[in-house]
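Engineer: Take a look at the letters that make up each chain.
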Amino acid sequence: MIPSAIDPSRLRAALAEVIVGQDAVLDGLLLALIADGHVLLEGPPGVAKTLACKTLAALIAASFQRVQFTPDLLPSDIVGTRIFDQREGAFVTVPGPIFANIVLADEINRAPAKVQSALLEAMQERQVTIGRERHVLPDPFLVMATMNPLEHEGTYALPLAQTDRFLMKIDVEYPTRVEEELAIVERFSADGIPLPPPLATLDDVRAWRRAAAEVHMEDSVLRYAVALVFATRDGLPEELRPYVHRGASPRATLAVVRLARAHAVLAGRSFVIPDDVRSVAPAALRHRLAFTHRLAMENIPADTVVSRIVGSVTPP
Amino acid sequence: MVRIARALAPLTAIVLAPFAVPSPAAADATLQRLHVSAFTFGADTTHPVMERPFDLLITVRLSDRVRDLRNLILPTFIGLEPLGDERSLIRVPGGTEYRERITVIAHRGGTLRIAPPYLDAVDARDGLPKRFLANPLVLTIGGPAEMLRGDGTSASRNVFGVILRAAGWVLFLALAGLLLLRRMIRARRGEPAEPEREREREFSPHDRLRALRDVLDVLAEHPSRAAVFAVRTQLRAWAGIPAEATLIDALAHIHEREGPLRSALIAVERAAFCKDDLLEDAVRDAVAAVERLVR
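So the protein lines, in turn, are chains A and B.
FYI, the numbering for the first sequence is 13 to 328, going by the working numbering.
FYI, the numbering for the second sequence is 70 to 364, going by the working numbering.
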């Protein structure tokens, strides 16, 4: 189906050799890579978020940069700045860490809104302006931003309008089985885990993206995707209305469609089936819904509501 | 509504220009000049039941703005009693949609084949008068396994039907009495009663297999997306897979790693959702896979 490109499922297998468990994270990262969208990762510290991103970058021979977001971070710390070169007697541009194929924005909610918006603007426009010069970011360009859900002290919550820029949100959990934790301990040496050699190239990534864009989506499946997003708004099941303040935007529909196509490519198909849509819908919707305080008061996980919404729509 | 939409999906069809044939009414100057983009014929349920009204639905989508639709000819509904007919012409983005809802009731069970409705019009794409055909409809009416026939109005059949209905009522009353008795005994023992559940009407495996073969024949003769959906629905019903299951659900349901049912489910899914230019091959594969399973 994808001429002159390796099968993306091989990349998935190579990722799994480094990252134990975390199937949702591995699938999510590959989907975002193929669908050409940015990822929001939420999970406690120490669950291999950074390692997963670094491993993915190594496997596709992509440049990788990690930025630790802190309250004193400045926009120029991310996009770059111009400094005066005394030897040349002129200003020169020093590109920031955003000039990489894969950028890990660690704890994005620790930086003030000005820095967040600088990053999000770059994500949207795929170019930055330093001084008076406009610089196009590398292609592929993928931002993986992490958020720590446990600590709220000194954090700046991302507004819904900004989280909407992320194609998907992946919830990273602790290992669920003792065997997984044992495997993690066994794989780690004193020097950490060595990164694997490249398995694919950036051209392969571009080929997967072209293939995803050509994946066929039958009208009934497209209507199912639309119905899923509509079910977060006017079509919300009656029992969930007290918990959802605002539903997902039409951008969510686009996200579901793009991710479903990427899911089909990952499965080696040239057409989308309802399973593709249903599989990707929670990741595309969970960060686009505004929940009421009642949800938190009743201690109901947001994903429970999202799953109920997805389950309320009958697939074709 | 969701169940109705689910039921509609497999039975609706889009029969476009390839099925259009030169119209015998070609000489009729009153033919409308139309862009027919979709013409479907279906029912609001995949499991119609005897003596319970259900709706037959005809939808014609046109890429034109029209005030009325003439020369739409309905088939004869042999074996079904029409109870009402509701028509509407709605403006939709890019054209007009004609919807007709015919409420009918079946007095006998079995498989019912309804010929496709057709529309005589001048095809605006090439200016030729044509007859546009929707898809035929195969319905399996729940009830005694009796094939409906056009001449099935003889007195003996009516008597047989009355006897069967009477036997059914006797059986129903006996079961109801047994359930009441069981509840009374439980109440006396202080046992909690089972929660009330709405149970779907049960069909015998033989009925299911026959329905599957019927729709498979239609698919083999007239490959179309709608016919694939009909096979998909009947295959799942035959295999005891819930109607709302996706492929992953279905494969999990059958607990079969390899085998003809798994192959058939995958082949039919491919035919249901693949690109139009791959449909012919996919249908051939799906028919072969299902035939290996049921023949």
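Don't take every hint at face value.
What the hints assert, rightly or not - Part of the chain A face toward chain B, derived, beta carbon under 8 Å:
1. 228
2. 230
3. 233
4. 234
5. 283
6. 286
7. 290
8. 311
9. 315
10. 316
11. 322
12. 327
It should be emphasised that the hints constitute simulated quantities derived from the structure, not laboratory data.
Note that the Cβ used here is the ideal one computed from N, Cα and C, for glycine as well.
Engineer: Give a verdict on every hint.
Structural biologist: Comparing the hints with the structure gives:
1. Taking 8 Å as the C-beta contact cut-off toward chain B, the hint placing residue 228/A at the interface holds, the least distance being around 4 Å.
2. For residue 230/A, the shortest C-beta to C-beta distance to chain B is roughly 5 Å, which falls under 8 Å, so the interface hint holds.
3. Residue-level restraint check for residue 233/A holds (minimum Cβ-Cβ distance to chain B is 6 Å; threshold 8 Å).
4. The restraint placing residue 234/A at the interface with chain B is violated, with a minimum CB-CB distance near 11 Å, outside the 8 Å limit.
5. Residue-level restraint check for residue 283/A holds (minimum Cβ-Cβ distance to chain B is 5 Å; threshold 8 Å).
6. A distance limit of 8 Å between C-beta atoms decides the matter here; for residue 286/A the minimum to chain B is near 5 Å, and the interface restraint holds.
7. The beta carbon of residue 290/A is positioned within 8 Å of a beta carbon in chain B (closest approach about 6 Å), and the interface hint is therefore held.
8. Given the 8 Å rule on beta carbons, the hint for residue 311/A is violated: about 28 Å separates it from the nearest Cβ of chain B.
9. With its C-beta approaching chain B no nearer than about 19 Å, residue 315/A sits outside the 8 Å limit, and its interface hint is violated.
10. Given hint, residue 316/A at the interface with chain B, is violated; its Cβ is 19 Å from that chain's nearest Cβ, farther than 8 Å.
11. About 11 Å separates the beta-carbon of residue 322/A from the nearest beta-carbon of chain B, more than 8 Å, and the hint is not met.
12. Taken as an interface hint, residue 327/A checks out: its beta carbon lies about 5 Å from the nearest beta carbon of chain B, inside 8 Å.
In this structure, the hints that do not hold are numbers 4, 8, 9, 10 and 11, in rising order.
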